[in-house]
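Novice: Next come the chains, spelled out residue by residue.
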Amino acid sequence: MSLEQAGSYTENGKPVPESVREINDINDILTPYLGTWNSSYGDKSIEIFIYRDRFEGEYSNINEDRINFTYKIFDLNNNVLISSESPGLRYAFGLYYRPSTSDYILYLRDACRDNKSVILRPYTELTYGGVGNVEKMKFIVMPPIMGGTYSSLDNFSNCSSVADLLPSNEVLTLTKQ
Amino acid sequence: MRNYFVAILAMFCLISCEKDNVEPLHEESLFPEIKGRVISVKDLVDKPIIYNRLVEYLQKPVAKSSLGIELDTTYIKVMETNRYTSYIFKIQQDSIERNQVLRNFMLTYVNDTTQIQHLVNYLVLPDGSFDMDNIQLQRLYGDDLLDTNPFTAKCSAPETIWYSYQECYTIEGHDCTCPEGSSPDEIRCVTRWASIDVEATTCIGSGDAGGLGNPQNNGTGQGTGGDSQSNDDDSYDDDDPGDDQTADDILIGFDPNEGGGLVLVDPNLERVKEIISDLKFKETIKNLELSLGGSRELGFSYRPGIDGFNETPYRGTTDKPTQILILIGEETEGAAHIHLRKIFRRSIDVITGNEIITPETPIPMFSFLDVDWYSDLIMSKIKPDRTDLENTLAVQKTFMVVVTTEGNYMLKYEGPLESFSTSTTPDPNSTSPAEVARFADFAEIYIQQVSRKPETSFLNYLSTTMNGIGYALYKFDRDGNVIKL
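Here the protein sequences line up with chains E and U, keeping their order. Here the working numbering is used: position 20 in the first sequence is 9, and no number is missing along the way. If you count the second sequence from 1, you need to add 469 to reach the working numbering.
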């Protein structure tokens, strides 16, 4: 099954057919995402590195192509404020491609349990003056695709929140490096 | 030499439901009152000894059984007396063999401790009934179910005295065809055929413990019941103060299990039906279903002793619309919440200034944090000052419900409590770096797969990561329809 076909099931809240064992990037839709991208917002900037991955699911019995990304967030002096290497954090992992909106959704773990979904939507833009193209990508941070029930109010005083440093209610435009 | 008694009470299934046919029995003291019922494997959770041994056996490949026997656990007949409890299983057979003989395995516990195993064969007569006068028995020894050497008997068969009488006993879920007015659903009457074996003789490796077609039964009937004294006492000395008198004179009944003919009532399923038929529960589920198109998750805790279902607050602020807080108190027995059809996120494009509305589809299944909440609830019900049975009963009442676009799901734990404690799911509350990393790995594995195949992946998750033999997932609607997935 292609990523587009599988994504159509998942974005409509439907399970893929039980017989599906592989979901592959047959039409090479992931390639435009790959590479290093960055953007500035307020007094910060972000750099993400997107790479291709193959996920093997022991519960779903599905092996599938996906993309993940690592990230760094800098201050105005280019100091790293937080990164996917910070305690309790890690790379954002790919969930599925959404054919209806031609974008890809990933899950971003937050050490303070403020996990997020990230939507990436690449596109091509003409350069100023109309000579040549430049690769751009919309970067949208949303509530997590999977929330949860909590039995207590936890104290997260010593955690690293990437969510607090990401733009709130704003769509970033990343540029490929 | 001390006398000991071993008896077989074989029961005909020739049913007469008229109580008048029951003749008083002067040997009443020898034949304790029997209560019968039909159960499934999961009903044994409050009998952890047999449950664990049975589950351990059932998890083994059949080939590992030295006797190559596969048990049919669909219908387990139970006979209970004040002295012992017998669990009678049908053995898987092909149709050719079944036309000639019905094979059963019977596991008897005396005083909830001493284990006695029998293989029992009932020969099929030309009219299809069983030859109850020629029951074939094979006693097995050892602590492992069916993995024992049947030829390590300690005692040979004793002299046999035969009895026959009728008795009625209650059986739950009996699909009876008895005459009207005879309480057909409550009483089952059987002719009991009994032998009492008196005085063991040689007790060293005689090769047959009242075994298959034992020839030493004086021709009146075949087979002997095993004694309950198989453990360690080779000398049956009356003067031995350490002898266990309670295990010596046990009378074990036999009742053929044909694997059908009785209406099996799954008490776990009945508990779920009871929950979902509650009017307050239905109203709550309706509220949740009507909220599927909303923008924030909605949740209710269930505290039947206080206020029934009660809407719960959210964790934190409204920018966390998929996080709900359901505190667990002494009276909390369950919770129900929603996974929305879509979540719409409004954002401003900082370059164009345009508002962008982005939809997202929540996964129509429990999140791992939902499961973690349910684990917390179960743990809150397990108290050290209670008996295992009391704890089991408290846990049996608990549930977790999620309402989704794909249906309503209920998660319940129905297994033994000791298995529950061995869950390998990482602790989301831990602050240790190793556990945080393990939890992050786990979250990735879980979300990725449950998003693709919600039911299949979740069930696989329960059966692997959560030692899921004790977890059950039900799907239900407001009309009371429910299935176990």
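Treat the hints as calculated values from the structure; they're not laboratory data. It cannot be assumed that every hint is accurate.
[To be verified] If we take Cβ atoms under 8 Å as the criterion, some of the chain U residues that face chain E in the derived model are:
#: 1; residue: 515
#: 2; residue: 562
#: 3; residue: 564
#: 4; residue: 593
#: 5; residue: 594
#: 6; residue: 598
#: 7; residue: 766
#: 8; residue: 795
#: 9; residue: 799
#: 10; residue: 826
#: 11; residue: 831
#: 12; residue: 842
For clarity, every value in this text was computed on a predicted model and none was experimentally measured. Note that beta-carbon positions come from the ideal geometry of N, C-alpha and C, so glycine has one too.
Novice: Taking the hints in turn, state whether each one holds.
Specialist: Hints, verified against the model:
1. Proximity of residue 515 (chain U) to chain E is violated relative to the hint, the smallest CB-CB distance being about 26 Å (cut-off 8 Å).
2. The closest approach between the C-beta of residue 562 (chain U) and any C-beta of chain E is roughly 32 Å, which is over the 8 Å cut-off, so the hint fails.
3. Because the beta carbon of residue 564 (chain U) sits about 31 Å from the nearest beta carbon in chain E, more than 8 Å, this interface hint is broken.
4. A cut of 8 Å between beta carbons decides the hint on residue 593 (chain U): the least distance to chain E is about 41 Å, and the hint is violated.
5. Residue-level restraint check for residue 594 (chain U) is violated (minimum Cβ-Cβ distance to chain E is 47 Å; threshold 8 Å).
6. Hint status for residue 598 (chain U) relative to chain E: violated, with the closest Cβ pair at about 45 Å, above 8 Å.
7. Satisfaction of the interface hint for residue 766 (chain U) is found here, the shortest Cβ-Cβ separation to chain E being roughly 6 Å, below the 8 Å cut-off.
8. The interface hint given for residue 795 (chain U) holds, since its Cβ lies 5 Å from the closest Cβ of chain E, which is under the 8 Å cut-off.
9. A cut of 8 Å between beta carbons decides the hint on residue 799 (chain U): the least distance to chain E is about 14 Å, and the hint is violated.
10. Because the beta carbon of residue 826 (chain U) sits about 10 Å from the nearest beta carbon in chain E, more than 8 Å, this interface hint is broken.
11. With its C-beta approaching chain E no nearer than about 6 Å, residue 831 (chain U) sits inside the 8 Å limit, and its interface hint holds.
12. Restraint check, residue 842 (chain U) versus chain E: the minimum CB separation of about 4 Å is within 8 Å; hint holds.
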